[in-house]
Every structure is written in structure tokens, then in C-alpha cells.
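Undergrad: Each protein sequence line maps, in turn, to chains A and B.
When the letters of the first sequence are read in order and numbered with this note's numbering, they come out as residues 1 to 470.
When the letters of the second sequence are read in order and numbered with this note's numbering, they come out as residues 1001 to 1222.
Calculated from the structure, these hints are not laboratory results.
No farther apart than 20 Å at their CA atoms in a straight line, the calculated lysine to aspartate or glutamate pairs in the EDC-like style are these: (1) Lys161/A / Asp1192/B; (2) Lys426/A / Glu1070/B; (3) Lys1211/B / Asp167/A; (4) Lys426/A / Glu450/A.
Computed from a predicted model, the values in this text were never measured in an experiment.
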Amino acid sequence: MNTLARDLTAKIGSQKVFSKIGERMMYRHDAIVVGQTPLAVVMPETTQDVVTAVKMARAAGVPIVARGAASGLSGGAAPSSESVVVSFTRMTRLEIRPHLREAWAQSGVVTGSISQNSRPHGLIYPPDPASWRTSTIGGNLAENAGGPMCFKYGVTGDYVKTLEFVDGWGVVHQLSRDSFDLAGLLIGSEGTLGLVTSMTLRLISPPKFSKTLRASFATVGDAAEAVSQAISSGAVPAKLEFMDGSCIQAVEDYLHLGLPIHAGAMLLVDTDGNDLETVEEELELVEKACVAQGGTVQRASSTAESDLLWQARRSISPALGRIRPQRMNEDIVVPRSSLPQVVREIEALGLEAGLKLVQFGHIGDGNLHPNILFDPRLESEDRVHALAFDIARVALKHGGVLSGEHGIGSMKRPFMREAVDAPTLKVLWRIKNALDPQGLLNPGKVLPDELEPGKLETGELEPGAVYASH
Amino acid sequence: MPVIEVSSANQYAVVSGDTPLLEVYAALPAGLYPPFPPVELPGGLNGLIGRGGFGQNFFFSSEILGATFETSSGEVVQAGGKTVKNVQGFDLVRPLVGSFGRLGRVVEATLRLRPGLAFVHLARRGTLEDALTLEPRFTWQDGAQVHAALFGHARAVSAFEAAFGGTRVSESLDYRSRFPLGMGVGQGELRDSRFGWVNGDAVPPMPELFKALVGAMAGGSS
Chain A
1 MNTLARDLTA KIGSQKVFSK IGERMMYRHD AIVVGQTPLA VVMPETTQDV
51 VTAVKMARAA GVPIVARGAA SGLSGGAAPS SESVVVSFTR MTRLEIRPHL
101 REAWAQSGVV TGSISQNSRP HGLIYPPDPA SWRTSTIGGN LAENAGGPMC
151 FKYGVTGDYV KTLEFVDGWG VVHQLSRDSF DLAGLLIGSE GTLGLVTSMT
201 LRLISPPKFS KTLRASFATV GDAAEAVSQA ISSGAVPAKL EFMDGSCIQA
251 VEDYLHLGLP IHAGAMLLVD TDGNDLETVE EELELVEKAC VAQGGTVQRA
301 SSTAESDLLW QARRSISPAL GRIRPQRMNE DIVVPRSSLP QVVREIEALG
351 LEAGLKLVQF GHIGDGNLHP NILFDPRLES EDRVHALAFD IARVALKHGG
401 VLSGEHGIGS MKRPFMREAV DAPTLKVLWR IKNALDPQGL LNPGKVLPDE
451 LEPGKLETGE LEPGAVYASH
Chain B
1001 MPVIEVSSAN QYAVVSGDTP LLEVYAALPA GLYPPFPPVE LPGGLNGLIG
1051 RGGFGQNFFF SSEILGATFE TSSGEVVQAG GKTVKNVQGF DLVRPLVGSF
1101 GRLGRVVEAT LRLRPGLAFV HLARRGTLED ALTLEPRFTW QDGAQVHAAL
1151 FGHARAVSAF EAAFGGTRVS ESLDYRSRFP LGMGVGQGEL RDSRFGWVNG
1201 DAVPPMPELF KALVGAMAGG SS
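Model the full structure from these sequences, guided by the hints.
TA: Take a look at the structure:
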């Protein structure tokens, strides 16, 4: 056992600290990156435990990495160097406050359990990242997670009313958001500015009615145009999901649902609200726009039929897992109007690289998930990286960003210098230095290394980054 | 320079910080709405963003997709962008919105526009608290009067009008003359769900750590 693990065990208790190598190795990865094995893993049960862990790690000069369920897709929770991992999975207190239409949650609460516990009170928590059954709310805050509902209802950060966090010195802060919104800076900062320990979340009444349609199109361009027309005619769908031809084929090969495999693109659309006629009218607006673009539309006539239509979208991950053992899940966002061009360019890049590529995503937000499927035994990871870089460049060229909901983590860090202009990056570094002068909070994430004045930039691809398998 | 670009397809507008709020309304195509009510307030868009919005009954800063701002030391910083979702680096938009100008001056901002087939602005005697229960898009109290505005589907808007009552406000309002010294926070005739607004330059208390952010934004040495 190393000294720090021993000291943490003595101070916090052997039930809350993992120090054996076998235990520690379980805490070096997220869902995509395998990082360094931590020196110790602290399983706090209270904010005070977090404070103690931070103060002791700081005194030892050891980095601190916050971790939730490790379902992240950008390497955010995978330590880039020997660290103390603070795993929040035991901080699971949850209190629904129906009269205030809010929930108070500790960071380790599983995202899905918030809506589950709110529903008996006639309330829900809308943000729905794909990992909602397993991800923690603290991890969702750290990455500012999204999901299909976000086009209409907003992302994780939009629901945070107040939060409590422990800074790099071990000091606890309570933040609200009506002015001087420091919480807004913490959210999405991936544990590089502080460790969020609890929060209050806004809840909403779930819409009474929801209607679904599926539309298939000859080309991605037609689908994107239909979306654009539907939205500009006044429709605000609750969900607006897109799959390209290869993605449709992959799901059909897997489940044989009778999907339109000859289509170039497919849309799945939900409209919702409390007035059934308005919900129907809104879906009609979408249907009209789809038909006008030559789409074939199928409307679900019951909840069971809706579920069946959505099954295709929900099954993408397992379907892709059958094609290649590993995948790199990109997460770019572009202005909606550039989607047809962006999807075409990315398709061409995949063909050129000779790698299997499928595209799907939240088309209402312009949030696209191009997935590179590969077998590390047969296909070069350098080529996968190169293709990922080229895809990121397409997003930037069209006025978009590197990530909409997965975060930068370590995976997209090498692209940040191209994505963010130099004066802005300087300001981001100054903020990091002001809140974490020793660089102990989740180093090697979000921001690229600050260049010494006069020093030339060297290659920044993470040495030895290994992919976690699915 | 007023409204620089309006994209109906992408539902955003790029607007210079010095643009008066009613000019933004005037520049938008029918059926698209900005994240503020049709009321002129001091300081145009820069003032509005600094104060964190006015009268909203939703999370205001997520409607500011991006902002270019100039720090007190003259650096020009790009916060956010033109897309609704964006987790590329630290979020500078959220702390900028509602910072009462302490992080810098907004040179231009990209506003998310939302569609609405119908719009209504109503006023009647009453309180903000009871207006809020009807879930308007915007609401604020002005003395004994409470204002509420909503856009959306025609039926939703008329149902709201029936529930709220009052009379339609068809002309745009200009509150600037009430704030010769600036629009500060305090107890007064005018209030929304966050603050009371009074003539002057009072701001809410700033959290200790936000001061570190102000220092970092202004320059490395402080």
C-alpha cells in the first residue's frame, strides 16, 4: 500500500478507501479510455469526506479525479496520471420537493432515478442522456450531458438551480444562479475546476400527450430539409432523431424490424404537450414537411407502436457492437442548415479512410454522432484518430463545435487549439490557473497544455491512450 | 451596427451589443421570437445580457448561444458559438450572462430564436406570483399591474389569454426613462421573478470565487 492510500484509509476509514491494486485498477477507465491506475480510490459518503480527500491529496501534491458511473465517452473520468479517484457512487441521497418543483440530489444519484422518484408527484427531470439508466447526475453535470429531449427541453445545466461544490483547496461553496453564475462555469468543466457534491434540479410536469412518426428519405439532404421546414413552420418536436443509411442497415441486420433499408436517411419524431389537438397538429406540420421532401411517413397509432418505432433508435449501440468490437463515438454540432453538406463530407471521409462509419444523432440540435467502427487487431488506431480529427475539422469548418454533450475529456483535447481562438484559450487557461493553480484537479482534460512562451507545440495525441472495449 | 445576421433556418440572430431591444424585434421575421419581451430597457442587448435578462420565466442564458465580449483589459473573447448544444471548453456564456458587466462588454451575441404561430402581451391588476402559475413565457410586475407575454401555438396562446384575462398591450413599451442612472437591483415598482429593478447601479452580492473569475478575465496578474 502506498503512503497516500494508507493515510487516506487512516483518516477517512477503510470502508471508504480502496487501496489494493485489484480494487484500484477498476477505477482507471471510463466507457472509452483506459487511464492510469489511481494511487487510491475514495468512496465518500458525505461532503466532508470529499473535503478530507481533496485536502490530503493536495497536501501530497497528488491529482484528484472525480468519477461517477464512468459511462462517459470522452475520457473525462479516466486519470491521466497517478491520482486519487473520488468515486461518488455512494453519495446517493435524493429528496423530491414537489411543492418547490425541484429535487435535491447528491452527485452519485443515478440520473434515471430522479424521474422515477419524481413521477409519483406528477413531475419529471427531462434531460435524458443515452446512459440515463446507469450514469450519475454528478457525471451529467460534469459533462453537461444532453440527450434526445434536449431540443425542446434543454440540457442538464439548464435544470440546475443551485449546487454545492468542493474547490481545489477543500473549501465548500454553495452557488445559486440568478446572477454571477459561477455554477454555470462549473457545469461542463469535467471536474477540472472543482468537485460538485450536490445540487437542486428543476422538475417539470410531464406532457400529457405524445405522438410519434417515422419518415424515410432517399437522401440525408432531404431529411435535413424536412426538419428545417418543419421547425420553421412552427413545430417544436420533443425528439427529432436521425439515422443514416448505414445505421438503418446495421439495426435491421441486428433486429429485423422491417426498416426501410434502401433509404438514405430516417427520422424519428415525437411531438408532445398537454393539448392533444395541438400535439396532433404539430405532428402534422412535421408530416407535411417530410412528404414535401419526398419522405415516406409512418405514424404510430398507439403507445405500443411508438415504442416499436423508437426501438430502432434505442438499438443502435448493440447493433454497432456486432459490426466491429470497438467504436469511436464522435459528438459534433453544426448549425442545422449545414447538416446535409456535413453528413456528405463525413461519409466521403469514411470511404476515403477505408473505415466503417455510420452516422446518427439529434438532428434538431444539429448534434451528430458519426461513429467509426473498428477492430484494433486489424485496423490501425492511428487511422481511426486521423479520421476523427478530419471529422472534427468538418464541424469547425461549418461553424460548429467539437462536442455537444460528451465533453472534451482527453479524447478531443488535441483538437482544442484548432477549435478555440488563441485569445479565448488564454482566458480559459487563466480561469483554470485562478481556480486550480497547482493543476491538481483532473489534469490532462478539456484544455490543451499551456505552452511555455517561445516553446514550440509538439504532437499532443495522448501517448498510450487505450480504448475500453464494449 | 444593429442586427447583423438573422438565420430563420437555424433560428438564431447575431446582434451587436449596442442594439436597442425593440430594434431586434423589428428585425426578426414573423413567427420568430427573441428571449426577451418587447420592452425597451437601458443599455440595449449588452445591458440586458449583463443583467441576466428581464421578465423571463425560463432559463435565460441557454438562449444566448454565444457572445463575443471585450474584457476590461481590451482582450476580445469568444464565448459559446452558434449552436444550441456546445460543451467545447469551459462555458463562458453562463458566467457572462448576469455578471452586470464585470466580465466584459458584449460586442455581439447570438440569440436563439424560438418559433411561435401566435403571440400575446397582456396586462392586468395582480401579482407576479399568481401570473407565474399560468406559465407565461415572460412576466413582470409594474406597480399594481402584472404583465405577461406568451408565444406558441394558436390554441395555447388563446387558452392563456382566457386564463390570464386583462387587456392586450399592443404598443411596445419603453422603460428607459425610469432608469436615468442605470437599471439596478433593489426594491421598487418594477420586478420580475429574479429581482426588483430600480434606478441606479446596485448589483446583487458577488460570490467570493466569482471575484477570482473577474480577476482571471481581466488579466493574468490580478
